[in-house]
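Protein chains in written order, with the numbering used here: chain A, 1 to 161; chain B, 1 to 577.
Check the hints yourself; a few may be wrong.
From the derived model, a few chain A residues whose C-beta atoms are all more than 12 Å from chain B [to be verified]: (1) Gly17; (2) Val63; (3) Leu70.
Once the Cα atoms are required to be at most 25 Å apart in a straight line, the calculated DMTMM-like pairs of lysine to aspartate or glutamate come out as [to be verified]: (4) B:Lys319 - A:Glu40; (5) A:Lys65 - B:Glu187; (6) B:Lys204 - A:Glu61; (7) A:Lys81 - A:Asp130; (8) A:Lys15 - B:Asp291; (9) B:Lys370 - B:Glu531; (10) A:Lys58 - B:Glu29; (11) B:Lys340 - B:Asp369; (12) A:Lys58 - A:Asp34; (13) B:Lys196 - B:Asp172; (14) B:Lys192 - A:Asp130; (15) B:Lys192 - A:Glu45; (16) A:Lys69 - B:Asp145; (17) A:Lys65 - B:Asp324; (18) B:Lys141 - A:Glu40; (19) B:Lys305 - A:Glu57; (20) A:Lys15 - B:Asp125; (21) B:Lys296 - A:Glu42; (22) A:Lys93 - A:Glu103; (23) A:Lys69 - B:Asp291; (24) B:Lys192 - A:Glu103; (25) A:Lys161 - A:Glu3.
If you're looking for bench data, these hints aren't it; they were derived computationally from the structure. Source: prediction; values computed, not measured. Note that CB positions come from ideal geometry on N, CA and C, so glycine has one too.
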Amino acid sequence: MNERKHTISALVYNKSGVLARISTLFAARGYNIDSLAVGETENPEISRMTIIVRGDEKILEQVEKQLNKLIDVIKVYEYSKTEHIERDLMLIKVSANKNNRSEIIEIVEVFRADIVDFYHDSLIIEITGDEDKLTAFINLLKPYGIKEVVRTGIVAIARGK
Amino acid sequence: MSMEKNDKSLNELTGSEIFVKSLEMEGVEIMFGIPGGQVLPIFDKLYDSKIRFILTRHEQGAAHMAEGYARATGKVGVCLSTSGPGATNLVTGIANAYMDSIPIVAFTGQVPTHLIGNDAFQEADITGITRPVTKHNYLVKDVKDLARTIREAFYIAKTGRPGPVLVDIPSDVQRAKTEFIWPQEVEIISYKPSYKGHPGQIKKLAQVINESNQPVLYVGGGVVSSNASDELIELATKCNIPVTTTLMALGSFPPENELSLGMLGMHGSAYANKAIQQADLVISLGARFDDRCTGKLSAFAPKAKHIAHVDIDPTSISKNIVADIPVVGDCKLVLQDLLKEVKPKKHTEWLNQIKKLKEEFPLKYSNDDKLRPQFVVEEISRLTRGEAIVVTEVGQHQMWSAQFYKPARARKFISSGGLGTMGFGFPAGIGAKFGKQKEKVIVIAGDGSFQMNIQELATASINKVNVIVCILNNSFLGMVRQWQQLFYNKRYSQVQLCSHSHDPKKCPIPDFVKITQAYGGEGFRVTEKNEVASVLKEAFKIKNKPVVIDFIVEDEENVFPMVPAGASLDEIMINLA
Ligand SMILES: Cc1ncc(C[n+]2csc(CCOP(=O)(O)OP(=O)(O)O)c2C)c(N)n1
C-alpha cells in the first residue's frame with residue numbers, strides 16, 4: 001500500500017497529560033509522527049494539535065479511530081480530502097561572509113523570508129511556508145553551510161467556512 | 001457574616017468523605033485493597049462506611065479480585081491502594097482488565113500535590129505508568145473536581161467498550177474541604193459511544209446472512225459485556241448458523257447446542273477452525289480478530305465472500321482483518337435490530353458438513369488409567385453440570401478448561417484472555433465469589449500460576465470465602481514446556497517446578513495440601529483417576545473456607561489440537577503424530 005504523509009488535526013481539551021496521552025498512543029502503536037504542533041484555539045479550554053503522520057490508508061484509518069477513542073479528544077479531521085492551508089515556520093542559521101552575503105540576501109528576498117539576526121559569519125533567517133517551499137529554501141542555502149534549523153512543525157487550517 | 005460562614009463550612013466535606021459518599025452514590029458494595037501512608041484519610045472514613053472492604057495480601061490480588069467481581073456480576077469492580085509501590089502493584093491487574101475490556105475503577109493515593117514531581121517518598125507517576133493500560137485516568141489536583149471525577153470514572157469504565165479507569169488522589173486533596181455536589185448526569189462532549197447500529201449496515205448484514213450458504217458466527221467478549229446471549233441464541237437458531245466463540249465468550253452460547261462449535265483458534269476445536277476456513281460468511285460479534293484466534297491473517301477464512309464485524313469500538317473494526325460489512329454498535333441492540341431483518345434458514349447441507357467435522361475431529365485425549373488433566377476438567381463439568389463459575393489461571397490447564405468445561409451460561413467461565421496473566425485466576429475467583437455468594441466458584445489452576453498469588457489464601461480464609469481451587473499439578477510450567485518440546489527439541493529450559501521428581505512425597509515444594517491447611521483452608525491430594533469424582537464431591541460439601549485439591553496429573557500431557565503460532569488455521573495439529 002501507499003505510504004504517504006497525512007495531515008491530521010485534532011481538537012483536544014487543554015489539560016495536562018493530553019499531549020502525553022497522544023504521544024503514548026503513537027509510540028505504543030508504532031505510528032511515525034513527522035511533526036506535531038499544539039496551541040490554544042479561540043477557546044482557551046481547547047487546543048488544536050496538528051499531527052503529520054506517515055503511513056498507508058489503513059494506518060491513517062487506525063490513527064484517526066484511535067485518536068477519537070481518547071476521552072480528551074473532541075474531534076479529529078484528516079485534511080487530505082479538504083482544501084486547506086498548511087504552514088510551517090522555520091528559523092535557519094546559515095554561514096555567511098562578506099563575499100556571499102548579498103547572494104543569500106537575494107534568495108531571502110525571492111522567498112519572502114526575513115533576516116532576523118545578522119552576525120559577522122552567519123545569518124539567521126525566518127521563513128514561513130508549506131513543506132515544498134521550506135525544502136526548496138533549505139536546498140538553496142545548503143551550499144553556504146547550514147549551521148542550525150529549528151521548525152515549529154506544520155499547522156493547518158481548512159479553507160472557507 | 002459569621003453565620004453565613006458557619007453554614008457554608010457545615011456543608012463542606014473533606015475529600016475522603018466525598019470519596020466515600022461518591023462510592024456509595026455509585027452503589028459500590030465491596031472494594032478490595034491495602035492501606036498505606038497516602039490513603040490514611042480515606043481509610044479513616046471507610047472505617048465508618050457500609051461499603052465492605054476486603055483487605056488483600058497483595059495489591060495485584062486486589063485488582064484481580066475487582067475484575068473477577070466485575071466479570072461475574074456485570075457491575076464495576078473497585079480496588080484501592082496507596083501511592084508508589086501500592087499503585088505499581090496494581091498495574092498488572094489493570095492491564096489485564098484493559099486487554100479484556102472489563103470495567104474496574106482503581107483508586108490510588110498520591111503524595112501531596114506540592115510534592116508531586118519531587119521524587120517524594122513513595123511517589124510514582126501512576127497516571128503516566130498506566131496511560132497505555134487504562135481506558136482513561138485522572139490525577140485529581142483539586143478537591144472540587146473529586147466528586148465529578150469519580151462519577152465520570154465509573155461512567156467511562158462501564159459504558160461503550162468497557163475498561164479500567166484509574167483515579168489518583170493526592171493525600172492533601174483527601175484532607176481538603178469543599179461542598180459535596182454529586183452531578184446527576186455525566187456529560188462528556190468528547191465521549192459519546194454509539195450503541196445503535198447503522199440501519200443501512202444492519203440491512204446489508206441481514207441480506208448477506210439471508211444469501212449465505214455456509215455462515216459462521218464468531219463471537220467474542222462483547223457479547224458477554226452487552227449481555228446479548230439471548231439474542232445470539234435466537235439469531236443462531238433462527239437461521240441455523242453454527243457458533244464459535246473466543247476464550248472470552250465461552251458460555252455465551254450453550255455448549256450442548258448442536259450449533260455450538262466451541263472455541264476457535266490456537267487451541268480451539270479442529271471443527272471450529274475448519275468451519276471458519278470453509279465459511280462463505282463470517283459474522284464477528286464483539287470479537288477482535290486476535291492473533292490467537294485467527295492464526296495467519298492472510299489465510300483466515302479464505303472462502304468467505306463477506307466478513308461482517310459488529311463491535312462497539314470502531315478501532316477494533318478492520319484493525320486486523322478488513323471487514324466489508326462493519327457495524328459499530330452494542331451487540332445486543334444490533335442483534336435485536338438484525339433479528340427483525342433475517343429470514344429463517346435451515347442450512348441442512350452446511351450443518352451436515354459440520355456434523356461430519358465434529359465426528360471426524362472430536363476433542364479427545366487418551367482414555368487410559370492414568371490421571372489425565374482433561375479428565376479432571378470433564379469431571380468438574382459433569383458434576384456441576386456447567387453451573388459453577390469456573391475461573392482459570394494461565395497455561396495448559398486454562399486451555400483444557402476451555403475445551404472440556406461446558407459453562408451453562410455467559411459469565412460462568414472467567415479467564416485472562418488478552419494479557420494471559422498467570423496469577424489472575426485465584427484472586428479473580430475470590431472476587432467472583434464475593435459477587436455471587438450463592439454460586440459455586442471453582443478455580444482451575446496450574447501449580448505454577450497458583451503460586452503467583454497464593455498469598456490470597458489468607459484473604460479467602462479470613463473472609464470465609466469458599467473457593468475450590470483444583471490444581472492440575474504437572475510440576476512444570478506446562479505450557480512453556482509444551483512449546484519447548486514441540487519447537488525447541490525438548491530442551492526443557494527453566495520449566496521444572498520440582499527439580500528432581502513429580503512425586504509430591506519426594507518433592508513437596510510447596511506441599512499444596514499443607515500450605516492450604518497452614519492458611520486455614522482444607523487441602524486434598526488426588527493421585528488416582530478413580531478418586532477424582534469422590535474427592536470433588538467431598539470438597540463441594542465444604543463451606544465457608546477455601547479448598548485446594550492438588551491433582552497430580554500426567555506431567556507431559558500436551559494441549560491439542562494446536563495451531564502453531566503464525567501458522568494458518570488450516571495447519572492445525574490434531575496430535576503429536
Ligand atoms: C505472569 C506471567 N509470567 C509468565 C507467563 C508465561 N507463561 C505462560 S503459560 C506458563 C506456564 C504456566 O504454568 P502452570 O501455571 O503450572 O500451568 P500449566 O501450563 O502447567 O497448566 C508461563 C510461564 C505468563 N503467561 N504470565
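Taking the hints in turn, this is what the structure says about them:
1. Not every Cβ of chain B is farther than 12 Å from the Cβ of Gly17 of chain A; the closest lies at roughly 7 Å, contradicting the non-interface assignment.
2. Its closest Cβ contact with chain B, about 10 Å, brings Val63 of chain A to no more than 12 Å, contrary to its assignment away from the interface.
3. Not every Cβ of chain B is farther than 12 Å from the Cβ of Leu70 of chain A; the closest lies at roughly 8 Å, contradicting the non-interface assignment.
4. Between Lys319 of chain B and Glu40 of chain A the CA atoms are separated by roughly 32 Å; this puts the pair beyond 25 Å, and the hint is violated.
5. For the suggested pair Lys65 of chain A and Glu187 of chain B, the alpha carbons sit about 21 Å apart, so the restraint of at most 25 Å is met.
6. Our distance criterion of 25 Å between C-alpha atoms is met by Lys204 of chain B and Glu61 of chain A, whose separation comes to about 22 Å.
7. At most 25 Å may separate the alpha-carbon atoms for a hinted pair to count; Lys81 of chain A and Asp130 of chain A meet this at roughly 17 Å.
8. Taking the CA atoms of Lys15 of chain A and Asp291 of chain B, the gap is near 36 Å; set against the 25 Å cutoff, the hint is violated.
9. For the suggested pair Lys370 of chain B and Glu531 of chain B, the alpha carbons sit about 12 Å apart, so the restraint of at most 25 Å is met.
10. Straight-line distance between C-alpha atoms of Lys58 of chain A and Glu29 of chain B comes to about 44 Å, which puts the hinted pair past the 25 Å bound.
11. Between Lys340 of chain B and Asp369 of chain B the alpha-carbon distance is near 52 Å, which puts this suggested pair outside the 25 Å criterion.
12. In summary, the hint linking Lys58 of chain A to Asp34 of chain A is supported, as the alpha carbons are separated by about 18 Å, within the 25 Å threshold.
13. For the suggested pair Lys196 of chain B and Asp172 of chain B, the alpha carbons sit about 43 Å apart, so the restraint of at most 25 Å is broken.
14. Proximity of Lys192 of chain B to Asp130 of chain A is assessed by CA-CA distance (about 35 Å); at most 25 Å being required, the pair is judged violated.
15. A C-alpha spacing of about 19 Å is found between Lys192 of chain B and Glu45 of chain A, which places the hinted pair at or below 25 Å, so the restraint holds.
16. The suggested pairing of Lys69 of chain A with Asp145 of chain B holds, with an alpha-carbon distance near 23 Å, which does not exceed 25 Å.
17. Proximity of Lys65 of chain A to Asp324 of chain B is assessed by CA-CA distance (about 17 Å); at most 25 Å being required, the pair is judged to hold.
18. Between the alpha carbons of Lys141 of chain B and Glu40 of chain A the distance comes to roughly 22 Å, so the proposed pair stays at or under 25 Å and holds.
19. Simply put, Lys305 of chain B and Glu57 of chain A have alpha-carbon atoms about 22 Å apart, close enough for the 25 Å limit, and the pair holds.
20. Distance restraint check for Lys15 of chain A and Asp125 of chain B: the Cα-Cα separation of roughly 17 Å lies within the 25 Å cut-off, and the hinted pair is therefore satisfied.
21. A distance of roughly 49 Å separates the Cα atoms of Lys296 of chain B and Glu42 of chain A; the hinted pair therefore is violated under the 25 Å criterion.
22. A hinted pair counts as satisfied when its Cα atoms are at most 25 Å apart, and Lys93 of chain A with Glu103 of chain A qualifies at roughly 15 Å.
23. Note on Lys69 of chain A and Asp291 of chain B: the hinted pairing holds, with a Cα-Cα distance of about 22 Å set against a maximum of 25 Å.
24. Restraint check for Lys192 of chain B and Glu103 of chain A: the C-alpha separation of about 58 Å exceeds 25 Å, so the hint is violated.
25. Taking the CA atoms of Lys161 of chain A and Glu3 of chain A, the gap is near 30 Å; set against the 25 Å cutoff, the hint is violated.
Consistency with the previously given hints fails for numbers 1, 2, 3, 4, 8, 10, 11, 13, 14, 21, 24, 25, ordered from lowest to highest.
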